[in-house]
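Colleague: Mind docking these for me? Both chains are given alone in their own frames, and the hints should help you get the complex.
Spelled out from the first residue to the last, the chains are:
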Amino acid sequence: MKARTFRRHLRESFKSLGRNSWMTFASVSAVTVTLLLVGVFIAIMMNLNGLAGNLEKDVEIKVIADPAAGQEAVAALEKKVKATEGVLEVEYSSRDAELDKMIKSFGDELNLYRQSNPLGDALYVKAKDPHKTAAIAKKIDTYDYTYEVVYGQGKIEKLFKVLNTGRNVGLVLILALLFTAMFLISNTIRITIVARKTEIGIMKLVGATNNFVRIPFLLEGIWLGILGSLIPMAVISIGYYKLYQEMAPKLQEELFQLLPTTPFIFQLNGLILFMGVFIGIWGSFMSVRKFLKV
Amino acid sequence: MIVMKDVYKKYPNGVVAANGINIEINRGEFVYVVGPSGAGKSTFIKMMYREEAPTSGDIIINGINLATLRNKRVPYLRRQIGVVFQDFKLLPNLNVYENVAFALEVIEETPQDIRKKVNDVLALVGLTQKVRMFPNELSGGEQQRVSIARSIVNVPKVVIADEPTGNLDPDTSWDIMKIFEEINARGTTIVMATHNKEIVNTIRHRVIVVEGGLITRDEYGGEYAYES
Ligand SMILES: Nc1ncnc2c1ncn2[C@@H]1O[C@H](COP(=O)(O)OP(=O)(O)OP(=O)(O)O)[C@@H](O)[C@H]1O
Ligand SMILES: [Mg+2]
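Protein sequences appear in the order of chains B and F. The UniProt record's numbering numbers the first residue of the first sequence as 1 and each following residue consecutively. The UniProt record's numbering numbers the first residue of the second sequence as 1 and each following residue consecutively.
Chain F extracted, bound-state conformation (with noise of 0.2 Å):
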């Protein structure tokens, strides 16, 4: 499913955020991305859906090969891959429903199939009764839950999520991660870095550890916990 090889990455100001990652995740797994400030997790997350390329290295994401994927085709790629990120990224003009609605209509879907699943997905995050409000009218964690929403919508077999509970107070953090866990329950695997020690450590799943921009731990139902 996604798969690194010897993945290194410098950034042009000469900064080395990944010095050789080997990984290897599979359908429908529950991963975590823990490590200190500044290790590289973000760099990490963001070459999988070709925010930022390898500077050496094979990535493959559902068979495709992110080093030899030509400029053209990265959409194609990101139709397959859901990203949520820690500020929502939400577009303040338009409302709930609109704003789910956009992430299907900028890749051309048809109106009805962008009703059909745009709803059902509401549904899924629980914001059918606020499908008409805009986001300055929703809590933090709503806004997230219309991120998601949004990430969801066109069904990808994988979401990744860079700290989406970074800005949310610990209850929310729960509901929002009962989400993610609904979401794996269904098939598709999930990427998450984060930096909340209690959700990792009661939520077993597969942690990674990056650490100056290296895999330094890898367990299965491991423990939230690095060396600093």
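Bound conformation, chain B alone (with noise of 0.2 Å):
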């Protein structure tokens, strides 16, 4: 195409959105509301994924042994425990340090406990793959000497399908509020072809290609589109920015982690853009097609 040619497209594309403003202002508004939602939806998946791969990484299986076993049982079922295929390591912690844990964590009335300790030791095992964790821990409950294995698995598993449930609830409403900003779009562009029916009509008659007609009606969707992820990116932008100053400190020590503002925010920033511009084409492709008879 000539630059020439694209220029004219262009300029005819902007007047379009200033001649209908009531119906650009109603479509970009609606294009800024779903775009800031699926952003926002989006950081939030994106963090808690991270949230959920910390998680899995650190499953432990806790393995207590019978307290009545004696110092070289425990010692054999350490050995053979670090010998189970897909063991990657296992910590040893004797009954006297477990009492001491609990103490920090239920208070100073266990004390009494001192006296005739009745917890077992325990080994802490984790697996080389977090997957296989439920099976080794199964295997392990079968050793001599074992009282109790326990490991996190249910908990994960619990969180893993809210997670895929809020996800889900997400995507559907994404999809909804997709469809609305992509209808309105296309809406404007249905009037705004409307208005245009004579100009479109003599342009036909006097030999103008399919593409020339088609092409303003285009670009003002993708107009529609990026008007509509100007707000979504500079709020998306400054917010996760703001959150990451405030909270990352804060979580240092913690599982959860937040994404680094850096690429995350312009990944971010480069979906919302795509997403405009991919309603804009689509909203104005649709109307294109039914109501620009070529």
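If you are wondering where the hints come from, they were derived from the structure by calculation, not from laboratory data. Be careful, since some hints might not be right.
Pulled from the structure, derived: some chain B residues nowhere near chain F, Cβ distances all over 12 Å [stated by the list, open to error]:
1. 164
2. 175
3. 202
4. 203
5. 207
6. 208
7. 212
8. 213
9. 226
10. 245
11. 274
12. 290
Quick list of in silico lysine to any residue cross-link-like pairs, SDA-like style, CA-CA up to 25 Å [said to hold, decoys possible]:
13. B:293 - F:30
14. F:117 - B:9
15. F:72 - B:215
16. F:72 - B:147
17. B:126 - B:147
18. F:117 - F:12
19. B:132 - B:59
20. B:2 - F:24
21. B:197 - F:108
22. F:46 - B:138
23. F:46 - B:211
24. F:89 - B:196
25. B:15 - F:134
26. B:197 - F:48
27. F:117 - B:5
28. F:117 - B:95
29. B:138 - B:94
30. F:89 - F:120
31. B:293 - F:115
32. B:293 - F:211
33. B:293 - F:87
34. B:290 - F:12
35. F:10 - F:24
36. B:15 - B:26
37. F:46 - B:214
38. F:5 - F:211
39. F:46 - B:201
40. B:2 - F:87
Cβ coordinates follow ideal geometry from the N, Cα and C atoms, glycine included.
Modeller: What follows is the structure, encoded as structure tokens:
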């Protein structure tokens, strides 16, 4: 396409934006709200994905030895556990250390158990592959001198379930919003097409090509999409930056970490802009196809 | 130049507006198309610039067969044909110059070519003094001149006009006819549907009579005449 022609298309598409300013406003608002929600949702989901990963990595099996078992028996058990297939590392914690931990979290009343410690020694086991945790735990449970084998798998599965449900509900909502925004854009373009029916008729009469007639409307759709993504990009960038500044230091010791602002903010902005342009093109394409018989 | 072979046109509502039309129009001819209202004159004309496609039959314009012409190629056919209507079809928000230049801008001519061609053609139709005026500031005759200027600015080989004087008073109609004569004198083929008996009988050219979707008479230098 010639540069002159492209400039003409640009001019025409901008003129249309101004001419039906109310519809422009309505569809840009719709895109703005949509992308704002989509952006926040994606930011949350991507961060939670990180969390899930962290939790998964941290899955441990706690093997409590029979309190009645002697030193050698526990040492033998530790050896056996270490030799179990899929085990990455084993950490021994004596029954006294276990009691200290308990006292720390439940309070000094438990001090009275120091006289006769009812707890058994504990082994903390990490699996090479976190997904195999359950199987390894089951196997260890069959060994002699194990009193109890516990692991957090159930909790994690529950968390994953909640995350998945949240993600699906969010996706449905987002799709509904995207459709609404697209429909509004499509309607705006339709109004432009109807308003310029005479002009389009003459263009076709004197031999303008189909693309020549179509392109300004597609451009108009793109502008609507881009205009609608400006506020979401700004709000989400600043919001996430502020949140990160505030929260990141406090989360230092936690399992949950916020994704660093770079490149995350840029990726998020790219995605928002892409979606804006996409619904813009899609929306105008629907109307152009339906109402612009060329 | 223009050939129609067994052209048949049935509208979706069942009306048959062309019922086996056969015609041959040579380069440089001036042809009137006359006939009663609803006879199929406009349909005949619309099929020439592919506003309507024939249901069956062949239409060949400048060697292009419209029956096999793909939709994508229609714009290029239209660049070879100028069309003038009874209702001018000007853009109200563009001035005289812009209305004519519009036809060249949308087919991506260069600004230099546009300027030259538009000024030439506006001189031909006698509107050099009114280039900055808008359609609502012009008389019907002047508006039709703009419309004619637009139809010929790209130097088409054929100009098709559907009742170009239908909305004009007799004096103005004669002025418009003079312009068509001038265009024809330069070698452009002209096909004009009209109800203006006086014009047809005074400025003698070939007359095709269409009745009930058929050509019932075809005479060189003929009279405006059909049985009603
Ligand atoms: N788009 C259309 N859809 C259905 N029927 C149509 C259409 N255009 C024209 N017709 C019908 O086809 C027939 C021929 O119409 P056409 O417009 O060609 O007549 P005409 O000779 O130009 O008449 P007039 O002198 O009044 O302009 C008429 O019966 C008309 O009702
Ligand atoms: Mg007619």
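Colleague: With reference to the structure, classify each hint as holding or not holding.
Modeller: Here's how the hints hold up against the structure:
no. : hint          : result
1   : 164           : holds (48 Å)
2   : 175           : holds (34 Å)
3   : 202           : violated (6 Å)
4   : 203           : violated (5 Å)
5   : 207           : violated (4 Å)
6   : 208           : violated (4 Å)
7   : 212           : violated (6 Å)
8   : 213           : violated (8 Å)
9   : 226           : holds (26 Å)
10  : 245           : holds (53 Å)
11  : 274           : holds (30 Å)
12  : 290           : holds (16 Å)
13  : B:293 - F:30  : violated (33 Å)
14  : F:117 - B:9   : holds (23 Å)
15  : F:72 - B:215  : holds (15 Å)
16  : F:72 - B:147  : violated (81 Å)
17  : B:126 - B:147 : holds (18 Å)
18  : F:117 - F:12  : violated (40 Å)
19  : B:132 - B:59  : holds (10 Å)
20  : B:2 - F:24    : violated (39 Å)
21  : B:197 - F:108 : holds (20 Å)
22  : F:46 - B:138  : violated (84 Å)
23  : F:46 - B:211  : holds (23 Å)
24  : F:89 - B:196  : holds (13 Å)
25  : B:15 - F:134  : holds (20 Å)
26  : B:197 - F:48  : holds (22 Å)
27  : F:117 - B:5   : holds (19 Å)
28  : F:117 - B:95  : violated (101 Å)
29  : B:138 - B:94  : holds (22 Å)
30  : F:89 - F:120  : holds (21 Å)
31  : B:293 - F:115 : violated (31 Å)
32  : B:293 - F:211 : violated (31 Å)
33  : B:293 - F:87  : holds (22 Å)
34  : B:290 - F:12  : holds (19 Å)
35  : F:10 - F:24   : holds (22 Å)
36  : B:15 - B:26   : holds (17 Å)
37  : F:46 - B:214  : holds (23 Å)
38  : F:5 - F:211   : holds (17 Å)
39  : F:46 - B:201  : holds (14 Å)
40  : B:2 - F:87    : violated (33 Å)
In summary, the structure is inconsistent with hints 3, 4, 5, 6, 7, 8, 13, 16, 18, 20, 22, 28, 31, 32, 40 from the numbered list given earlier, while agreeing with the others.
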